[in-house]
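Asker: The primary structure of each chain is shown beneath.
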Amino acid sequence: MNPGVSVAKIRRNGAFYVAESRIRQMSKWKGIITLVAVGNPLFYLVAIGIGIGILVTENSGTSGTGGVEYIVFIAPALLANTALLGAMDETVFPVMEGFKWRKMFYATNSTPITGPQIALGVFIAALVRVAFSVFLYWIFLIAFGVMTFQDSWFAPIVAMYGGAAFGALMMGIVAGVQKDDYFLTVLGRLVITPLFFFSGTFFPLTNMPIFLQPIGWISPLWHTTELGRYFSYGYEISGLMMLIHFAFLTAMLIAGLKIANIRFTKRLLK
Amino acid sequence: MSESLISARGLTKKYGDFTAVDGIDFDVAKGESFGLLGPNGAGKSTTMRIIAATSRRTSGTISILGRDPEEHGPQVRAHLGVVPQQDNLDTELTVAENLYIYGRYFGLSKKFVKGKVDELLSFAQLEEKKDVKVEALSGGMKRRLTIARALVSEPDILMLDEPTTGLDPQARHILWDRLFRLKEDGVTLIITTHFMDEAEQLCDRLVVMDKGKIMAEGSPAELIKKYSTKEVLEVRFGSDRNKEVAPILHKMCDRIEELPDRILMYVEDGEKLLEEIVAKKLHPNTSLVRRSSLEDVFLRLTGRSLIE
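Protein chains in written order, with numbering that gives the first Met the number 0: chain A, 0 to 269; chain B, 0 to 307.
Simulated from the structure, these hints should not be mistaken for laboratory data.
Glycine is no exception: its CB is placed at the ideal position from the N, C-alpha and C atoms.
Treat the hints with care, as some may be off.
[Stated by the list, open to error] Derived pair list, reagent style DMTMM-like, types lysine to aspartate or glutamate, alpha-carbon separation capped at 20 Å:
#1 Lys265/A / Glu153/B
#2 Lys8/A / Glu153/B
#3 Lys110/B / Glu19/A
#4 Lys242/B / Glu221/B
#5 Lys265/A / Glu69/B
[Stated by the list, open to error] Here are a few chain B residues that sit away from chain A, every Cβ distance over 12 Å (derived from the structure):
#6 Asp21
#7 Gly30
#8 Ala51
#9 Asp67
#10 Glu69
#11 Val82
#12 Asn87
#13 Glu91
#14 Arg103
#15 Trp175
#16 Lys212
#17 Leu258
#18 Lys271
#19 Thr301
Just need the whole structure built from these sequences, with the hints factored in.
Answerer: Now the structure itself:
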């Protein structure tokens with residue numbers, strides 16, 4: 000064994016070594032990641048700002064959006080959505096790849112790196128991607144005059160926190176997926192898309208019939224969006240609701256990481 | 000035996016009702032090239048995973064460099080270089096990047112790993128492919144890269160699970176040459192294989208495994224001497240006549256094995272026996288006299304061929 004191999008050092012830094020390699024893998028997709036990170040806000044802001052936003056404002060003014068322009072109302076939701084989708088991309092696919100498609104986690108685990116370190120490394124790398132996408136989106140929002148730097152500096156951080164919570168949960172779920180035949184289709188079409196519509200994204204959740212509102216209550220997108228609105232244009236939230244939003248996301252974050260740790264360890268140990 | 004790096008006693012692994020490894024004992028000495036020979040499903044890979052601290056045993060004991068792999072997984076793995084049965088390289092990264100990230104997993108400094116990458120590329124004869132994506136490599140190149148990757152931490156023990164399965168003869172010989180060099184450098188090798196020629200080429204000592212059990216143990220020469228004869232005469236009479244002739248041949252030597260396509264006759268002097276057969280006007284379609292191999296040992300021990 001090379002004298003430079005130190006198990007104590009690996010115990011401390013193992014997750015960062017995994018994150019380093021994940022970021023290297025991600026860098027192979029930097030063109031597409033940047034294109035999505037730039038194209039997404041551009042298309043949404045133009046379509047909603049010029050198209051849907053004008054339609055909404057002409058028909059109902061700003062009464063349905065708490066007195067702000069439609070684009071201002073929707074912007075925190077778009078920011079949150081970017082964070083959540085980015086986190087999902089960088090947890091779901093690498094975990095499927097690592098365990099099933101290319102089985103690289105087994106190679107990593109044949110070094111002193113442990114299952115929980117692999118999980119944490121994937122998670123850290125996902126956060127880097129989320130930070131990149133969210134900050135780029137935020138810069139666009141400021142450039143389009145939808146948010147101001149002074150009022151909204153905490154909004155990208157909140158969006159990232161929501162992304163982290165959702166990413167952790169996704170990682171925990173996907174680590175248990177043995178057959179991927181329908182998983183990704185079901186996830187995309189029956190979970191993510193409806194979540195987008197039932198999370199108070201395009202209109203306040205309270206506009207929904209009461210029996211549909213619970214979908215929003217369990218949606219990390221809704222909790223992140225509500226916080227994002229508070230931290231971008233002064234949308235009013237009670238102290239209790241603020242606490243509930245943060246507590247919900249924190250619980251999701253901790254539970255997701257915990258489940259991922261258990262499942263990674265179990266799956267790597269045959 | 001010199002210092003024992005690995006010592007297993009009563010090692011057992013069960014998956015539900017199925018017993019993959021059934022109470023085996025073995026020791027591997029420092030610098031030794033130790034083989035696990037057996038057909039698919041013999042329990043070789045499971046044994047390898049237990050040694051590599053990536054599978055829990057059901058019962059028995061195992062010590063690797065004085066440590067229990069279940070309690071000290073990362074410490075044990077720090078000493079190992081693992082070449083799995085299927086290459087699990089990152090096909091989207093380049094050849095050099097695969098070596099680099101693996102070196103980092105051992106906590107090695109960036110500077111050291113960068114230097115080591117060039118050395119390993121030279122060892123694996125992949126210098127020209129340094130910046131090529133792994134997906135573009137041939138099977139033999141990928142295998143050499145996987146072996147090079149396992150060497151990045153300069154392991155005390157290199158574990159190779161079916162190192163040449165799926166490779167063409169030329170790629171196998173290149174790989175054997177590389178492994179031979181490692182053996183000469185004093186690296187302890189643990190190799191599983193179902194190729195008898197590979198086991199004979201690379202292993203100082205081996206165990207023959209079948210259905211989770213160790214059937215025999217020794218050096219290739221010892222095993223052949225103990226369980227087979229010096230030579231083997233292979234005769235083919237055509238699939239219809241083989242059965243008809245077999246009882247006659249049986250009277251001419253102590254041990255024969257009837258395979259679907261040929262009859263194996265175990266003797267000290269194959270040419271002499273062939274002359275006797277021809278003298279009886281039996282005239283086989285084809286005949287071949289060869290030295291006994293581990294395949295014959297396996298056939299003797301289990302009544303089955305290694306590759307079925």
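Asker: Now tell me, hint by hint, if it's right for this structure.
Answerer: Hints versus structure:
1. Lys265/A / Glu153/B: It is violated: about 28 Å lies between the C-alpha atoms, which goes past 20 Å.
2. Lys8/A / Glu153/B: Cα-Cα ~17 Å, so holds.
3. Lys110/B / Glu19/A: Distance ~15 Å between lysine 110/B and glutamate 19/A Cα, so the pair holds.
4. Lys242/B / Glu221/B: violated, 32 Å
5. Lys265/A / Glu69/B: Holds, at roughly 13 Å.
6. Asp21: holds, 17 Å
7. Gly30: holds, 15 Å
8. Ala51: violated, 6 Å
9. Asp67: holds, 14 Å
10. Glu69: Violated, since 9 Å does not exceed 12 Å.
11. Val82: violated, 9 Å
12. Asn87: violated, 4 Å
13. Glu91: Answer for glutamate 91/B: violated, closest chain A Cβ roughly 5 Å.
14. Arg103: violated, 5 Å
15. Trp175: holds, 23 Å
16. Lys212: Lysine 212/B is indeed farther than 12 Å from all Cβ atoms of chain A, at 20 Å.
17. Leu258: It holds; leucine 258/B is separated from chain A by about 35 Å at its closest Cβ, greater than 12 Å.
18. Lys271: Holds, since 52 Å exceeds 12 Å.
19. Thr301: holds, 26 Å
The structure is inconsistent with the numbered hints 1, 4, 8, 10, 11, 12, 13 and 14, although it conforms to all the rest.
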